[in-house]
Structure formats: structure tokens, C-alpha cells
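Number of protein chains: 2
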Amino acid sequence: MRRCCTFCFLVTVATMTLVIPAVDAPADEGMWLFNNPPERLLKDKYQFEATGEWMEHLQRSSVRFNSGGSGSFVSSEGLVLTNHHVGADALQKLSTAEHDYLKQGFFARTREQEVKCVDLELNVLISIEDVTQRVSAAVKAEMSPAEAHQARQAVMAAIEQESLDKTGLRSDVVTLYQGGLYHLYRFHKHTDVRLVFAPEQDIAFFGGDPDNFEYPRFDLDVCLFRVYENDRPVRPAHFLKWGSEGVSDGELVFVSGHPGRTNRQNTVAHLDFLRDRAFLFTLNVLRRREVQLATFSERSRENARRAKDELFGVANSRKARLGGLAGLQDPAVMSRKVADEMKLRDAVAADPQLRAACGNPWSDIGDTLRVWDELYVPYQLLERGLAFHSQKFEIARTLVRMVEEDTKPNAERLREYRSSNRESLLQALFSDAPIYDDLETLGLADALSLYYELVGIRGDPLLQEVLAGKSPRQRAWELVAGSQLQKVDLRKQLAEGGKAAVDASQDPMIALARRVDAAARKVRKRYEEQVEEPQRQAYARLAEARFRLLGTDTYPDATFTLRLSLGAVKGYTDELGQKIPPWTTIGGAYQRANEHDNTPPFALPTSWLDHKDRLLLDTPFNFICTNDIIGGNSGSPVVNRQGEFVGVIFDGNLPSLVWDFVFSEEQGRSVAVDARAIVEALRKVYDATSLVEELGR
Amino acid sequence: MRRCCTFCFLVTVATMTLVIPAVDAPADEGMWLFNNPPERLLKDKYQFEATGEWMEHLQRSSVRFNSGGSGSFVSSEGLVLTNHHVGADALQKLSTAEHDYLKQGFFARTREQEVKCVDLELNVLISIEDVTQRVSAAVKAEMSPAEAHQARQAVMAAIEQESLDKTGLRSDVVTLYQGGLYHLYRFHKHTDVRLVFAPEQDIAFFGGDPDNFEYPRFDLDVCLFRVYENDRPVRPAHFLKWGSEGVSDGELVFVSGHPGRTNRQNTVAHLDFLRDRAFLFTLNVLRRREVQLATFSERSRENARRAKDELFGVANSRKARLGGLAGLQDPAVMSRKVADEMKLRDAVAADPQLRAACGNPWSDIGDTLRVWDELYVPYQLLERGLAFHSQKFEIARTLVRMVEEDTKPNAERLREYRSSNRESLLQALFSDAPIYDDLETLGLADALSLYYELVGIRGDPLLQEVLAGKSPRQRAWELVAGSQLQKVDLRKQLAEGGKAAVDASQDPMIALARRVDAAARKVRKRYEEQVEEPQRQAYARLAEARFRLLGTDTYPDATFTLRLSLGAVKGYTDELGQKIPPWTTIGGAYQRANEHDNTPPFALPTSWLDHKDRLLLDTPFNFICTNDIIGGNSGSPVVNRQGEFVGVIFDGNLPSLVWDFVFSEEQGRSVAVDARAIVEALRKVYDATSLVEELGR
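Read top to bottom, the protein sequences are chains A and B.
Here our numbering is used: the first residue of the first sequence is 1, the next is one more, and so on.
Here our numbering is used: the first residue of the second sequence is 1, the next is one more, and so on.
Hints in this document: simulated from the structure, not taken from any laboratory.
Be aware that one or more of the hints could be misleading.
No copy labels: a pair is met if it fits in one copy or bridges any two.
Cut-off 30 Å, straight-line C-alpha distance, at most; resulting in silico cross-link-like pairs (DSSO-like, lysine-lysine) [what the hints assert, rightly or not]:
id: 1; residue 1: 140; residue 2: 166
id: 2; residue 1: 308; residue 2: 684
id: 3; residue 1: 684; residue 2: 241
id: 4; residue 1: 308; residue 2: 103
id: 5; residue 1: 470; residue 2: 343
id: 6; residue 1: 189; residue 2: 522
id: 7; residue 1: 103; residue 2: 579
id: 8; residue 1: 487; residue 2: 116
id: 9; residue 1: 308; residue 2: 487
id: 10; residue 1: 499; residue 2: 408
id: 11; residue 1: 241; residue 2: 43
id: 12; residue 1: 492; residue 2: 308
id: 13; residue 1: 337; residue 2: 470
id: 14; residue 1: 522; residue 2: 337
id: 15; residue 1: 189; residue 2: 499
id: 16; residue 1: 579; residue 2: 470
id: 17; residue 1: 570; residue 2: 470
Next up, chain A with everything else stripped away, as it sits in the complex (with noise of 0.2 Å):
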């Protein structure tokens, strides 16, 4: 399963040579910013022209859900269509004892019937541009680290803020190239959203760990939400309309979707750096959660349903980082990064006017790594917060610093402060989301006790105070306990008090975040100054030796921002030589059920036990296709050359979750749930007619 920022990996049996074919013929890479699509390689090996209304069309259909993930409006009536493990952050918030959404599933037969989201926010991209001029001609040359930091935050809060008082709009200003290039983004955003359908969690994720990330797969991983807008369903402007008639073999596929990150621009440093060094950090810290919420959900049914969405996404992120991880410890992978790296290199060093333009990015950017070495763990500890984990520590960590913010003029705050985002924070701040003490002092005595692991009590006087004297475990114990800001109403009150009230609050989860942010902010600031900023100019130069050698027909890392992939709907040949075909059928999945005697996690779910005999078991279940994905296009919808809906992603084969570092279409495939499916089984397992109906089938 793929979400945002992640990706993964399973050992097999078999052996795993990453096969990179030689560079011939054009590959079907790239995540091609809307504004700059891939006109040539569409022309030249597809034969196909996508108009400026097209890409309207598409760009406006495509929806972005704020909790990471993708997905697209499918109807005239506001139906948004998604996977359900993107969905699955709201199904779990509606979710209680009682009435478990996120694994019996749901259907609302009837509009009255849709329940309404806790916090789900969702985004449509409505233009994009290019202030790169305005941000750079406002960071001078002779400017400090420091300076220049405090310069482009400030410009880029007023041309968010200038953005949205005259458009009304959500206003980002979105970094690109690591830095070469800087686009205002307005979107369109929508905050009312109500669940109207998702399958039971057994056939949404069939197949569970063992088969994330895998291929052959038969997982009806979609969910369907509606926008509304005044208490009514919006009618949005534009909608992708059902696809007539399914993929074939080979045929041209568009992804529209919001790649969350990819590293394919960082220099070799740099990527030994997140080999080393932050895969590996990060790995512990998932593996070790991951083992925490496995424990507590064994303990009992009601535990299981606490984490559940958690420990998917903590299982997802720990094989997601596995896979790359095993592609940075690859010498294939590797050594092709050097020689790409070696040539551009050369290149530079040859052309004396770009030597003096562009100096050496590449040992200034290994200059900011050690900065970044150094700064590593107090980051990830005290400011990224994995020292305090809880809700209600981020609760109280977000009000203290609010109201400090705001005692600041907007282009002096931090970043997430500044005024134009105002609206999304608060929809998080007041969340109505459960908060559960069990799984809160969890979190936190173990996050306590990291922290003690990794700077150790007796050389920080930090620690000896936030512990009080006490255990982990007592601690985290006696502040969860000891806090009330589980209470909406309580944090409303906090945050219209504004900061004579926060500071004046006993609350000990405040208190204690109150007393570690100076620490924290200190920490930020040397990594924005001495990391980031260096950083970020760095690779501007980087990028500017690239654009001038190479051209600008290219596309940058993956931001969380729409972007367009195309390829084809193919199978591959597999690393023992078995042929995969480029799409499984339902009828495959009850075979698969039988394989395992439909035991967890291949167990299918009475529905689907029940109406075998209904469903047309060769309709094409799931589908693979070469277009360049990674996590965060979950949910992503596929369209064919007509901008219909054939499909929905929600996963990559394990060959792909190279694609962090470096695109090979040789076996890795994007896995979408065919359009097909969808119709089948809402039709005939779920008998969800009206729905069909409404898209159009």
C-alpha cells in the first residue's frame, strides 16, 4: 500500500537482481509538473497530443486528500473516489467500540445516511505560478545562511497571504528542484466531507503485509466520499467521467496524483546519508513501533481497533523504507547514481562559464550533510517531537507555539504559523478525532525512554527535568493522565486566550511543552540555517547546471503536489522468468482465499462469500501499468487517452520502490484497482445500485 512519503520491500526466496536496463529507449519516467508536461515523449512514443483543456480537465478532476494520499471527483454530484487505505485516517477517527468503519465497512444508502468526516481536508488545484523571480531577487548574494533563510520565509508568506486575500484561495508557494525553481500553487479547498462508501477492510486490503507491495493482487482498495458545500453536495466543475470500456493490453495510461517525495536529484552524499544514516534512524523507530502496537492489539479486539490504522501505516512505512533502503545498499543502483553523478560533474568542470555560476554544489551540499549528521537526533527528538509521542503532547506543542506565533508579524513566523494556513491548522487543532490515554501513555513512555536512549541522563539537564524525577513509564503515565486536552472545548479556549492563557495553563502536557521549546526551536533554527538554507541554494545550482546542460524538458522530485505520469498497462517477466500478466480477474481472489483456507490475512469477507455466485469471476480485478508513481499517489485516478476513469492506484510492485532513487521499467509496475471491479462489486456485492448509477455505469 502506498501513502504519502512512503514506500517498501519483502524478502523472497528468490533472488533480487534489480535489473536497469541500459538508457535507449525513452522510458516512460517522470512526474511531470502540470504546467510543463511531457509533450515530446507523448508525440514521439505515444503519438498523443494532450491539449491545454485536457490537462484542465484533469488537473481540476484531481483531488488532493490533505491526510496524504490522491484522488479524483467522479461524478457531478461531488463523489470523490479514493483508496480506502487513504481514507482510512477518516474512517478511523468516525470509528468507536461500537461501530468499527475502518473494518466492517459502510454504505449510506441514502444522502441523510453520509456521516461526516472528523478533519479530512481536501485540495483541487486550480493554477500554478512561477514566482521563482519574486522569491529569489528577495534573497540577496551577500546575504548570511541566516539572513537569507529569514528573507525567502518572509517573501513566500506574503505572496501566500497577498494570494489568498485577493483570491480567496489556499496559497502555497511550492518548492521545486530542491530549490531551482519556486510556484505559487492556489487550490480550491473543501473541509466538508461525508463518507458514503468503503468495503470491509478484508477485501480493501486482502492479503495484508504479506502481499503490500506484491503483485499478483486482488484488493478492491477504493473508497468513496461526497463534498459538500452549504450543507449541499458541490457540483464541481469538472469530473472524470466512468470509463466506457476497460484497459487493454499495452495501451497508453495517464496518472493524475500527488507524488509525496522522491530523492532521484540528491547528490551521492546525500543519498549515502539517508542510506547511513536516516533510513536507518527511521527504521528503528518504526520497527520498534511497530512491535509496541502489534503487542497492544493483541491484548484484546478493542485494542486491535485503536491502532489499527496506525500499525498499517507504521507496517507500510517499515517495508516501504526496507525496499529502499535494499536499493541504496544495491552497487547496481549505486553505481549508476556515481557515474550519473561523475558526468554532470565532468560537464560542469568543463564549461568554465557554468563552473563560475555554479561553483561545487556538490561539496557544499556534503558540507551541510555534516551540520545535518551532528544535528540528527535532537532534531528528531525534540522538534520533530519523537521524544514526547502522543496527541495531546502535538495538541499542546501546537497551542504553545500559536500563540507565540502570533505575537510575531507573518513573515517572522514559522512556517506552518503563517497567516494564509490559519484555516488548515485550526481544522486540525480542533479536531473532534478520539484520543485514547491507553495508546497515549503507550506512545509516550516509550518515546520518553528513546529519548533516554539516545542522549542518556546524566549529561542532559533536559531530560533529568522533563522526566521529573520519575520512570518513563510513571512519567508519561501522570502527564497523559494529569491532561485534559482531549477536550475540544478546552483548546478553543486555550487558543482564543491566546498566549496570557497558555502560559498561565497547568495543564502538564502544556507545561511540558512549554518547557522543551526553546530547546526545540533552537534546533530549528541551526537546521534552517545551517542545513536547509545552504542546502536549498546548493541545489538551486545544482538544478541550474542540469536545466542549462540538459534542458528544462524534465521534471523535479516528487512535493506532495499534482503531478502527471503516463505509460502503459503491461506485464513484465519476473526475476525466475515467470511471465506476469498485466491483470489479475475476481475469480482470482477466491482462489487465493482457497490457497490459505480464507484465514486472516487472506481471508475474504462474508459478503464476498456470499455472493460468489453473482459476481462475473474473468472481470479484471486489479491491473498493472509502467507509469512513474510513489507514495502519495495512492488513490491517484488512471485515465486513458479519452480522460476517463479506467482505474484507481493504490500500490507498486516491489521492483518499484526503488523508484525513490531511480525509475526502471524493466519490472517495476504501478498496481491500480481496475474501474471494472469497482462497478462489479459495488453492483453486485454490495448492492449499492444507486451508486453505480451515479457514475455513470
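Based on these hints, arrange chain B on the given structure of chain A.
Leaving out everything else, chain B in the frame of chain A:
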């Protein structure tokens, strides 16, 4: 569940205040040597005299499982009773895809049906002899640590060989008080051990990981083997009579077993090292293996079967280590340790004679820890073999080293290759236990990746050679698939062929073991000479100071040798103020299963569901007592004043997990299966009347 060298914990919602009482009333503390029992404590507190005869009977009835646990003879026909989880290693090795002894259980209704275990070795302690003087005399004051280490190894090997030659008994020189005393232990060794009875794992490990190290419990964690000699059941000189009555509240009971390892005599600096270095490293390795085995298991039932015993062991260790770490992070524990140490240091400082004799062992131990810190990772990777985690590698290394060591005089060999240990070594090396290439590859790939992660490819030519230009996964696959060491005949052939045969072998795992051996030996040598030996000398001086100041009426830290502990059957009050009763009943198991809808890990096996109405539901099932135990004590008999068998230890509760460092009986308890429940289940659930009769009931 307890096991050699493990211990544990799990966060609950409640605070886990560790209550450590003021040391007024003598506690039931101590893992006492059989040649230095707690006579005074027994007399003063319990008015009991352990006669020489009483002690010898208990000693000779006790059995050590060399796979890591304890047991006892319970019939005149050689029946040995232990825990199911101690027998698990043997059960796993007997199991196939067709017959899963571990999960399904087993009962041999006739002698002919008893199944010979693959490589189980049991030891019965025959005698103890103090050889401290001879060992100490061999180590001269003027020797360098390297020479001292060599001299000590030589004299220990010589004593062992002489004893073996003279008595024919397995002879081990055991280091006590971290070097304060050396005792020669002679064992009767049994290697023809046959499986007689094992219950289903669902009742043996009822409650699974969630209930592990918890109380109340409802587990039939027992397993019965029979010892043979010359193909006939052995008639042991001593065996425990089955208790005619059960235990009563407050009754004095004894535990005779083999606690694996404690760290109670460690200096504070040494505890800091465990907390800040060793435990963290181990926990990360355990968590990574747990996630790996859990995901492997999820893929199919056969995978789950293959991984089951190891997964249990890993999760058990993880829980135990977490409990230990929580103790070390608890200021209440550490401040007591600091205070104790200060008192001892002050007493030594105040006594010029003692000061002259002991020097400053605390500082000397601190010095060794700095070296150990530096060696720690390479030692774990290369010498402990974590970089090559696989059975085939272990076999390869044993062969490579054995033929090399055999070219040296006995006194100069690595300790495990001394001639007196040869039989036991070959018993393991030529084991028929199945080896699964998929599990092997999974483990080795991850191990090579760990090696890569911890040392980095750039700076380590050995790693580069080990990987041979492949990724860890490719290389693991190549090594495992290419090696033929699953064939016992090949191992025998290589062992018989000696150094010439092993040097000439083309087996890739043998080649790998050959390649890394020099580096592994080098780090071991540094460890032995610069850490182990000076630490041993310093701890010997510390022990001497304690003997002189506190007398010799003490017990040494656990060393997986036979110990006696005393205590009372006794409930306690938990941290929420709830009264926890001294025993549970068989009926309670049904109630708990009901509360969880009889779903795993709270599912009772069919046999128990079917025979519920035959059982006396108020039969005591598990009881708790204040006896001092640790991992390795699993399977230890609990006996009453009459020396009768009344139960078998299988666990300790959460508050007992800190006993690794400090004993407290406020809430800490050992957990045992009641002898009455064993008989009740054998008779009514398993219709094992012949067994019940043999047990004399």
C-alpha cells in the same frame, strides 16, 4: 515466559511504581549454591533445616536442559518434567509440515511411541568441588592480562580434562562471583531423550505475548520427556515424589533450577553500560528480527510453523529486556544501586588493609568498559556472528574453527573446543534438525544488511569482500542456496577430514567462515585480554572486599548452574491497590477465554473445550511465590518441605523483571504451574492415566 538469559515487561495503563521496601525483614532473596545453602535464613525465618540428605536428593533430582532451561526427574522410570516452552526447541526440531508437535502437542501411549529428540542434552549435577586455589595459583600477579587469560584458560581446561578422564563425567569449571570463586561441577550427561507428552501450544502458552510475564495466568506450560540409556529407560538414583497435597497460602517452598544470568553485583558504571549500550543494541536486533519473523509467518501457515519457536524466543526476550531496561531507567532502582556502591566504597576506603588488597576495582572495571564500548559492535557482528545470522554459517564456523583448534594443545584452544567439551559440541554439530533455506536467506540477508548499516561499505574492506559486489539480498541467496551444509553427512565428512578437508572445501558458507575467521578471532582476542580478563580480576577483588566486609553467607550472580531459592506461596497488592490472589483455577481459564470470544491468543484448544465438564474447575492452575528466579529457571521444580514436587516454575510477573539487577518481593513473584492442575489435565483432558499412575497419583 522465561528462558535462559532473558527477562521482561509490558506497559499497562497503570503506573508501574517499583516499590522497593526498606531492608528490615530478611527477604526471600537469593539464588543459593547447593554447597552454600542459606542455613541461617531458613532457620530464622522458616524454622527449617535443609539437611545434607535433603539437599542431595533435590540436587540429584534436578535436571539442566542445555538448550536453556531446567527440569526434574519425577518418576523411577526416568520421566523428566519441564516447561512446554523449554521443550519447544526439541518439539520444533521434531516437527514437519505434516506433524507440528509444537502446536498440536503429543502423547505417547506406549514406550514404543516415545519419539527420540534430535539433539537434546540433559545434565544432572553430581558433585561440586572448590578449585579456586588451583586456578588462582596458575595466574601470577606479574602476568600481563593476555598471559593471565592464557594461564587461566589452560588450568581450567586441564582441571576439566583430568576430571573427565578420572570420572567419565562432564566436567565444567564454573566462574562464580564474576571471578571471586571457581568451582568444578561434574554432571551426568544424558543425550538419549524421548518425548512423552506435550499439550497443545494454545493451552501451554494460553494468553500468548499479552499475558507473558503477567499474572493472573492460566497455562499448562509443561512437557514430559523420558531419559534412556542403552535404549532402556534410565532408573535415576533420585527423583521427586509427587506432592500428595497441594500448596497452601504462605507455605514455604523451594525452587531448584538453573537461573541463567543476573547482574546484581555489577558496578554502577557497568549497569550504565548495560542500559546505555548493550540493552539498546540487543533490543534493536530483537525488534528487527521480531518484525521479520512476524511478517514471514503471516505469509503462510507453513512459514508460521517454521518460524514459531524462534519467534516466541525473540518476543519473549524483547519483553524481558524491555522490563530490564525500564528498571535501569527507573531512578528508584538506580539510586539504590548508587547508594549501595557508595557504602561499599566508603567501607573499603576506611580500611587501609582492604584498600591495599583490593585497590580500586570500580575504576578498573570502568576502564574495561571503555574498551568494551569500542569493541562492542565488531564483536557482536563478527565474533557473535550477528553479521551472518544463519544456521549454515554457524555450522560452517564450527567446522572451520574445530579443525583449526584441533591442531593446538588442549590448553591453548578456544574454550568451547576444549577436549572435555567435544562430545557436547558434536551432538550439536551433527544435529539432524531441519534447516529451511527460505528462513536462512531471510535472516542472512538482514544480517548482512545490518553489517552494512553498522560499519558502512566504504571503510570496511572485509564487508566488501563478504558482499562480493552483490547486494546483501543477492549475496545471502547465493550463499544459502549454494551451501550444502544441511547435509549431516557432509559435516561429518569435513569434521573427519580435518583441516585439509575443510581448507579444500568449495562450499560457499565454509569459504565465508574461513574468510572472516581471522577478523573475528582478532576481536575476540582483544575482548578476552582487554575486557574479560581485567574485568574478572577486578570483580574478584570486589568479591573479596564483599566477603571480608559482609561475610560469605551470600550467593553469587546467576551462571546457569544449579541454585536453590526459597520463598512462600503468597499473593500481593498491585499498583492499583487490587489484591492479587496466590493462585488461579482451571475454571478461570475458561472464563478468560470467554472474555476474548475464545480467539487467539486466548483460544482454548478443542481438547479443553470438549472435556470441560469432566474437569474440577476449582482445581488450582497457576500459583505465585516469592522465590528468587530469573530466565533459565523455566521448568524448575517447586518442592515443599518434604522435598515433594508441588509445581513447576514457568514465568515471573512484570514486577519481577527488575530482579536481574535487584530483588524485591513487594510485588515481584515467580509463577508456577500447580502439580494438581497437571494431574487433573493429564487424567481428564488427555486420558493419560498411565502417566498419572507413573507419577504416583
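Numbers of the earlier hints that this structure fails to satisfy, in rising order: Those not satisfied are hints 6, 7 and 14.
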